[in-house]
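The number in the numbering used here is simply the position in the sequence shown, starting from 1, with 378 added.
Among the hints, erroneous ones may be present.
As the list claims (entries may be wrong) - Result set (EDC-like, lysine to aspartate or glutamate): computed pairs, CA atoms no more than 16 Å apart in a straight line:
#1 K399 / E418
#2 K474 / E498
#3 K409 / E396
#4 K428 / E396
#5 K489 / E528
#6 K601 / E499
#7 K480 / E465
#8 K492 / D427
#9 K545 / E465
#10 K492 / E449
#11 K428 / E449
#12 K545 / E578
#13 K474 / E441
#14 K421 / E465
#15 K474 / D427
#16 K399 / D427
#17 K597 / E499
#18 K421 / E396
#19 K409 / E449
#20 K480 / E418
#21 K582 / E549
#22 K421 / E381
Unchecked claim - Here are the simulated distance ranges between beta carbons:
#23 K385 / S585: 25 to 31 Å
#24 M383 / I529: 27 to 33 Å
#25 G570 / K597: 47 to 53 Å
For the record, the hints were derived by calculation from the structure and aren't laboratory data. Just so it is clear, CB atoms sit at the ideal spot from N, CA and C, and this is done for glycine as well.
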Amino acid sequence: SLEAMEKLGVTVSTDNLEAVKSAGIVLLAVKPYHIAQVIEGIKPGLNPDKILMSIVAGVSIAEISEMAGQELPVFRVMPNTAIALQESLTCISSNKSAAPHKAYVNEMFNKLGKTIEIGEELMAAATVLASCGIAYALRYIRAAMQGGIEIGFSAEMAQFITAQTVKGAAELVLQSGNHPEREIDKVTTPMGITITGLNEMEHKGFSSSLIQGVMASYKKIEKTKK
Numbered sequence: 379s380l381e382a383m384e385k386l387g388v389t390v391s392t393d394n395l396e397a398v399k400s401a402g403i404v405l406l407a408v409k410p411y412h413i414a415q416v417i418e419g420i421k422p423g424l425n426p427d428k429i430l431m432s433i434v435a436g437v438s439i440a441e442i443s444e445m446a447g448q449e450l451p452v453f454r455v456m457p458n459t460a461i462a463l464q465e466s467l468t469c470i471s472s473n474k475s476a477a478p479h480k481a482y483v484n485e486m487f488n489k490l491g492k493t494i495e496i497g498e499e500l501m502a503a504a505t506v507l508a509s510c511g512i513a514y515a516l517r518y519i520r521a522a523m524q525g526g527i528e529i530g531f532s533a534e535m536a537q538f539i540t541a542q543t544v545k546g547a548a549e550l551v552l553q554s555g556n557h558p559e560r561e562i563d564k565v566t567t568p569m570g571i572t573i574t575g576l577n578e579m580e581h582k583g584f585s586s587s588l589i590q591g592v593m594a595s596y597k598k599i600e601k602t603k604k
């Protein structure tokens with residue numbers, strides 16, 4: 379709430395235009411169908427010295443610039459919910475006017491996790507893989523927990539074991555740079571329990587269903603843009 383933010387020393391306001399006038403960075407964090415109205419309301423306070431930053435899905439830099447009615451430094455930024463723990467993967471794209479500010483914006487979001495710069499044409503894909511991806515990973519954790527409970531663990535213990543295991547698996551890939559299959563090969567032995575479980579998952583469509591889910595989300599966001 380605004381009251382909670384104020385207690386942390388943040389200057390708060392219910393007047394968007396007044397807030398923009400005193401800000402160096404303007405962050406647009408609204409539903410796509412609200413962005414035109416919001417920009418229209420703050421337009422008098424915008425100028426080329428302001429950095430305009432948007433986390434609004436499906437609204438392009440060109441569209442934002444057109445709504446603003448002038449050429450501004452514009453960044454599209456797509457973090458994920460792990461930003462709450464400073465573990466976000468934040469994808470960033472920008473226009474030419476934003477070039478002098480890139481290092482600053484990257485530094486800001488690097489304090490909240492990791493960042494990558496991408497072409498704007500990949501922003502929809504980044505939204506699916508990095509932002510929706512959090513939910514996909516959590517759904518795997520939930521499913522593995524349910525299996526863990528069925529084979530004897532309490533819900534709390536199954537959650538801890540699964541979450542820590544997924545964290546470890548991610549670190550193996552991040553720190554080694556290895557393809558996941560190379561790490562899988564290290565724990566699969568001929569006629570072993572790991573390969574038996576993996577093959578059963580694949581027989582039931584594990585990889586294909588995940589790929590189909592990614593593509594379904596991507597098609598949805600592309601349809602929304604139209």
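Could you work out which of the previously given hints the structure breaks and list their numbers from low to high?
As far as the earlier hints go, 3, 5, 7, 8, 10, 12, 14, 19, 20, 21, 22, 23, 24, 25 are violated by this structure, in ascending order.
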